[in-house]
Amino acid sequence: METQRCKGSRDLLPEDMARFRHTEKVFRSCCSGWGYQEIRTPTLEYLHLFTSTGTLTPNMLSRVYSFLDWDGWSGERVVLRPDGTIPTARLYVENFPQVRPAKLFYVENVFSYEETGRESRERWQCGAEVIGSARPLADVELIMLALETLSQLGIKDVKVHLSHAGVIRAVLKESGFPPAEQSELFQRVLDGDTKAMSKMVSANPQLADIMSLLFEVKGRSVGHLQNLKVTLEKAFLSPDLEASMEDFIAIAQCLTELGCEYQVDIISGRSFEYYTGIIFRFYGEGERLGGGGRYSDLIPLLGGGDIPASGFALPLDRLMNLVTDWQDKAPRVLVRSEVGTASAQKRCFEIAADLRRAGYTAELDQGHTKTSDYQWLLSIQGEDAKPAFLLTDQAGGKPIRANSPAEILKVLQAADATKASSS
Amino acid sequence: VFHEKDVPIQVAVGNYDLGICGRDWVEELLAKYPSSALVRVLDLKYGKSNLYAACSKSGNSRSIDYWQTKPGTIRIATEYPNLAESFALSLRLRRFSIFPLWGAAEAYPPENADLALISLPAGSPFNQTLSPVSPVLSSSALLIAHRTSWESKDLSPLFRCLYSASDAKEVTSENTKGQKEGADESLPISPRPDSAVRLGLPDGHLQGPALEFLGRAGVTIQNDPPDPRRPGTNIDGVNVKMVRPQDMPLQVANGNFDLAITGEDWLLNHFYRFPSSPVKEILRLGFGEVRVVAVVSKQLPVDSPQGLRELLRKGDLTRLRVASEYTDIADKYARDNHLSPYRLIPTWGASEAFLPEDADLLIENVQTGRTLAEHNLKVIDTLFESSSCLVGRTYAPHDSYRLERMNSFIQALQQAINKR
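In the order they appear, the protein sequences are chains A and B. Using this note's numbering, the letters of the first sequence correspond one by one to residues 579 to 1001. Using this note's numbering, the letters of the second sequence correspond one by one to residues 3 to 422.
For reference, chain A alone in the conformation it holds in the complex (with noise of 0.2 angstroms):
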């Protein structure tokens, strides 16, 4: 059969919606607990809100999905949300400017298109923001929701790697490119562009051995960027750079002493240009799992003043594939009735009723042609007066009579009982 599916486009099957209300659930329950607040943002937005600079890249916007609206005879362009971070910026701008600190969380799709239609262009993004703080606590706070979203969902042995966007853009300011290559650079560094550093080497041979320290070694300790720090210090005399990496050192540090190992990884690929502080990536199984960042120039850039913000996105698709205990735990019963008259399916109903009331899934036989899927059938036999019930547990055994509504009901969680003591 020919596919009807868009092109890059994804169906979510019902296994992979338990997935996915799971982790959905996962990541509100833990937001919540630490007193995060909920928001959703439209789908719709101007295009102008991503084109400054600082926002996203040309590279990024050449993927957006733009259009001109039914009004939009003045030109105004709208694209489909493209990140989750902006249009959250933009909420609290116009919504809260007072709160500080505002602390967001948000489920949501964004789009970019993506040349191949194997990779969605329809992603689903787990974010949580801090606006209005400028200490690293509210990054290194970040930093443990993310994690602890992910433990509960069962991710083991995830690494995050940190690096510093205002460690980099200092850097290649002072080492004294314009600034159209500045930005160009920044870009291909947090592109994870490798090449980057060669082209900043071959411009100033001289800070070979310094480019190489930063770049290359991956430290694992504060102890790594008190080093780099006086080094750089001597190589670069700026309070820029300076206070960047007492920010850096002052994250790494609360880090170290929660117990949360990390690595010192500058070129860790993937970033935002919005980035202006810390940066941070989670990766596990194998996988990229997201990260975030600070972002403090971006609400001034929307007009919102001079407010600091901070926050992180994990990719929901890719979370869902890894979550365990995921499955629905409530028992399936399929009520089925051997009389069809009215009556009979009306105690059909009411017995179905009863069950889900004590926490079981309960069903009506409507022809099902697949029972394997139920822990339980129900069946009712007999006249009207004096019905009489059978219930057959699916994992084997003999059926058991019962005469009662309660009578089922005491038989199931007896049997429940029994299996959850033996497992």
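Keep in mind that the hints are not guaranteed to be accurate.
Unchecked claim - Heads up, incomplete: computed chain B residues facing chain A, CB under 8 angstroms, no partners named:
#1 Ser-88
#2 Ser-92
#3 Leu-95
#4 Arg-96
#5 Phe-101
#6 Ala-255
#7 Phe-276
#8 Pro-277
#9 Ser-278
For the record, the hints were derived by calculation from the structure and aren't laboratory data. Note that CB positions come from ideal geometry on N, CA and C, so glycine has one too.
The hints should help you fit chain B onto chain A, whose structure is shown.
Same frame as chain A, now just chain B:
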């Protein structure tokens, strides 16, 4: 033979193995659809031109920095909307609006656009009103091929032939030197009193009838003006600009013209795209009358849209290819008549050449029907009859002087209609 702008699309969809057109139109397609099935084969080195982003000479800045930091929305008028968008994004303009045009982009800055993308033959100077801000693209004739054809068919004899022709051409193509550099005198654009009525008049085939009609209303337009896009008139307080009739509704909607003469066909096309657009028809002028019709090849055994639907239902046609200059009218027509599945092929003129090989249905205007007969085509439906019309905005200007001028102009036109 198609309009040059249509060539890359026709080659990309595989209707043709090879095509020749300006590189600018190839890049215009690829800017929006980078995965189009099209390969660039050979630069034929003739027909060289350069595409520039240009601003008005009377404007305040020609530097890129100025445009990058300018507050407010930057309006870009262009026949190359996709290239304009990538240009604006790569320049990191903060906020911009692109006005797609059918032509005459050079007439828009400074009043009606901040920047225009202008294509100029290599070596020829800018006109007196514009100066370049940034080059966008250098273009010349380009041989292109459909990707699958290139990969699977042996076209080499054809290429050999084309290559030898292009080598010969190269020798002669450089004879354009010695063209005189344009005198760098800017032509002052007459200062426009704010309360003057801004009137848009159509160029092209509607121009003659429009000027004749205005003559009957007592309005004479200057013959052979120094700036051909901005002729003077015998009426005070009316400033005229000549642009493509297709572009009028969008320009009126955006407040660039107070009044404009265009066709009802283009007004309707505009409304189908932007239903809430603040444009209205003020007068039906009665010249330039055409019928907008649905046309198929005589070989197709149908005589109504129902017949087409039947062909699609039976599977005799797997997909209906609808070609039209009126993309939004054609889109609505196909939807309203349930002609699914269909695909729209936007064209830029000479649409009758698309049938029967490259399209199945054409939404086209006809005056006499002679062209259709010559191409072995037949009309299966009439959508509507269209006349030229005077359009304006749905709301009145605040300026009472301008409103008064507009009203007396409308009255003069009304009288000319009544006289007939």
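Structure-based check of all given hints:
1. Ser-88: Holds. Min distance 7 angstroms.
2. Ser-92: holds (5 angstroms)
3. Leu-95: Holds: closest Cβ of chain A sits about 7 angstroms from Leu-95 (chain B), inside 8 angstroms.
4. Arg-96: Where the cut-off is 8 angstroms and the nearest Cβ of chain A is about 5 angstroms from Arg-96 (chain B), the hint holds.
5. Phe-101: holds (6 angstroms)
6. Ala-255: At 4 angstroms from the nearest chain A Cβ, Ala-255 (chain B) passes the 8 angstroms test, so the hint holds.
7. Phe-276: Interface hint status for Phe-276 (chain B): holds (4 angstroms vs cutoff 8 angstroms).
8. Pro-277: At 6 angstroms from the nearest chain A Cβ, Pro-277 (chain B) passes the 8 angstroms test, so the hint holds.
9. Ser-278: holds (5 angstroms)
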